[in-house]
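Residue numbers (the working numbering), protein chains in the order written: chain A, 331 to 600; chain B, 691 to 881.
I should point out that these hints are in silico values taken from the structure, not numbers from a laboratory.
Accuracy of the hints is not assured; some may be wrong.
As the list claims (entries may be wrong) - Have a look at the derived ranges for each label pair, beta carbon to beta carbon:
1. B:Met879 <-> A:Lys368: 53 to 61 Å
2. B:Ser785 <-> A:Gly350: 16 to 24 Å
3. B:Pro797 <-> A:Glu416: 27 to 35 Å
Where a beta carbon is used, it is the ideal one built from N, C-alpha and C, also for glycine.
What follows is the residue order along each chain.
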Amino acid sequence: MEVFIPILTMAVLGFLFSIGLSFAYQKLKVEEDPKVEKINEILPQANCGACGYSGCRAFAEVVTQGKAVVTGCPVGGEEVSIKIAEIMGTEAGKAERKVARLHCRGDNEAAKNKGLYLGITTCYAAHIIGGNKQCVYGCLGYGDCVDACPFDAIDMGDKGLPVVDEDRCTACGKCVEACPRNLFELHPLSQNIIVFCRSLDGGAAAKKSCKNACISCGICVRACPEAIALENNLAVIKDYKKIDPEKIPAIEKCPTDAIGQIEKEETNEG
Amino acid sequence: MDLLTIFVAAILVNNFVLYYFLGICPFLGVSKKIDAAFSMGMAVTFVMSLTAVVSWMINHWVLIPFGLDYLQIVSFILVIASLVQLVEMFIRKMSPPLYQALGIYLPLITTNCAIMGLALLAALKDYNFIQTVVFGVGSGLGFTLAIVLMAGIREQLDLADVPEPLKGAGIALIVAGIMALAFSGFSGMIK
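Bound-form chain A, shown alone:
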């Protein structure tokens, strides 16, 4: 009989606690959509906030409530969008992958220096002083974007301009924020005509400070007036889709190489 007392005691105690807990559970249970957990598992878990929400889990919650589109995660790209769409039972559609691109070709050889900068070696600090290049619109070359990139997709090139590894780039937009001169922009991967300059200086002044500056000569505008326009001494691509592929050679006649195809850029850096 001695054995039964402890067994019975523990059984009764366990029974009482489980009754208490099951009552508590009835009161406190949380209805959670199982989709949230599933989608959260698919997401890259970079928690970068590129989707506009505070993290991957927050994005998963918003998607399951139908308040965000399934393609909302730029980091995961098409692959993740399709998987999320499967869970949500909708079509992902084609969201073209975007990449960050630098809008400056003022490398160490092309851009002239106005002096020696010995301050704190970040673009942000150099930008406040004005930097060491004559062009006040161009890349400062201290690599704030390289540091900001959470995916290791930006490296500083030999000529002092950052180079984006387009395979690694996830269009999270950190470099766009990091650049004090706003030289990065997110473009669809297929867009290959880009204005590689942000200088608003007039033709002669721009040419003086950088060999690759847009001198607002208007050759590209004449080649393709539907898509390209001059604004404040700078060629601007108004609507990339309207550029006729046949006109690309004419556009590329730019005397300073300030507008052109991105592939050419990569081989140049090569």
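We have chain A; now place chain B onto it with these hints.
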């Protein structure tokens, strides 16, 4: 021992984290942000206070009358596990962000040796009911004090120039050691 002595001793002199070195796991794990650390402290305080009460009742009304003292550990674990389960349900319902912030450390309170230590020490010291309650609440507040102080220091440490090999857990353990050293200054208060 009067109640005030037990209370002060539990918070400062015999602080569970910094004197007994119990409950180090959440002390290091959830001490990166003050608000999460404070919530963790409150959760532990809640579990400690209730554990003290319930385990005293089980010990004095069930185990001792039946001569089952040898079941203390297993029945106390049952009490602690049930209470932690309750706290977990409650926090999940009331504050999902807090539930996220505490993460794995919340269910880990179940096997937190500070709480088990509290139940066993209270039984060992033969406290009466009121003394046990005061001991439980005091110990919980002592844990909260330690973890919040630690979080405050670690928030500042994020801005400090810590040598590379000591970053993270290394400097946290050094800070914990210095805090324990400082708290040992209280030891003369109670004989």
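Hint numbers contradicted by this structure: none
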